[in-house]
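Residues per chain, in single letters:
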Amino acid sequence: EDQVTQSPEALRLQEGESSSLNCSYTVSGLRGLFWYRQDPGKGPEFLFTLYSAGEEKEKERLKATLTKKESFLHITAPKPEDSATYLCAVPDSDTGRRALTFGSGTRLQVQP
Amino acid sequence: NAGVTQTPKFRVLKTGQSMTLLCAQDMNHEYMYWYRQDPGMGLRLIHYSVGEGTTAKGEVPDGYNVSRLKKQNFLLGLESAAPSQTSVYFCASSPGTSYEQYFGPGTRLTVT
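Line by line, the protein sequences give chains A and B. Residue numbers 972 to 1083, in the working numbering, belong to the letters of the first sequence in order. Residue numbers 1289 to 1400, in the working numbering, belong to the letters of the second sequence in order.
Hints are computed from structural coordinates only; laboratory data are not their basis. On a predicted model such as this, the values are computed, not experimentally measured, just so you know. Keep in mind that the hints are not guaranteed to be accurate.
[Unchecked claim] Now the stretches of chain B that chain A is said to cover, found in silico as 3 or more residues with beta-carbon under 8 angstroms:
hint, stretch
1, 1325–1331
2, 1338–1348
3, 1386–1392
[What the hints assert, rightly or not] Distance condition first, Cα-Cα at most 35 angstroms in a straight line; then the derived DSBU-like pairs of lysine-lysine:
hint, chain 1, residue 1, chain 2, residue 2
4, B, K1297, A, K1030
5, A, K1013, A, K1034
6, B, K1297, A, K1050
Note that beta-carbon positions come from the ideal geometry of N, C-alpha and C, so glycine has one too.
If we strip away everything but chain A, and leave its shape as in the complex, we get (with noise of 0.2 angstroms):
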């Protein structure tokens, strides 16, 4: 079974303080791996796609890589604005629906 565990649930930085967000992920044949913002009352956003381990992305203070097993999304230097839930998904193992399995989010908060 597809499964996506996001650690920790909850994460709060004074602004400056680095940091990362783990996505952890049991998949048959992985076929990317997906990292969402999520803002209070509003729906995910798209942030990044990881193809192969090895592989990192970057916006802004962001920094998203992809092992073999897990993801992290680092934070340099963030700043209040970055204050949302992170949420990383990957791919069913259905490829016929084309379908992701989200994990449950991490929660950030930034304080000035």
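Using the hints, position chain B against chain A.
Coordinates of chain B only, in the frame set by chain A:
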């Protein structure tokens, strides 16, 4: 280019009432999805469609029906609402050439 839109944004129903949620996308995407999001449980797939005129069940389809008569629209129906269907509902679409999904803003439904 509005992306994915959902109506209504909020709705309160009484147990046993019915309603339809509308999702529209203007990106000419083949695949469309309905998810529900509950605290601590992440996004769960209700139903999906791989093209106009097709629908299929996801992980939690009971109590819901869907239709996709036009490529750009995907409707989610609740025939007899139950308190367990209190949730936030998200629609998403995908081109099908990749697994990336683009989400609407969500509908917050409360069933009393």
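Status of each hint after checking the structure:
no.: 1; hint: 1325–1331; in the structure: holds (count 4)
no.: 2; hint: 1338–1348; in the structure: holds (count 3)
no.: 3; hint: 1386–1392; in the structure: holds (count 7)
no.: 4; hint: B:K1297 / A:K1030; in the structure: holds (30 angstroms)
no.: 5; hint: A:K1013 / A:K1034; in the structure: holds (23 angstroms)
no.: 6; hint: B:K1297 / A:K1050; in the structure: holds (29 angstroms)
Consistency note: the structure conflicts with none of the earlier hints.
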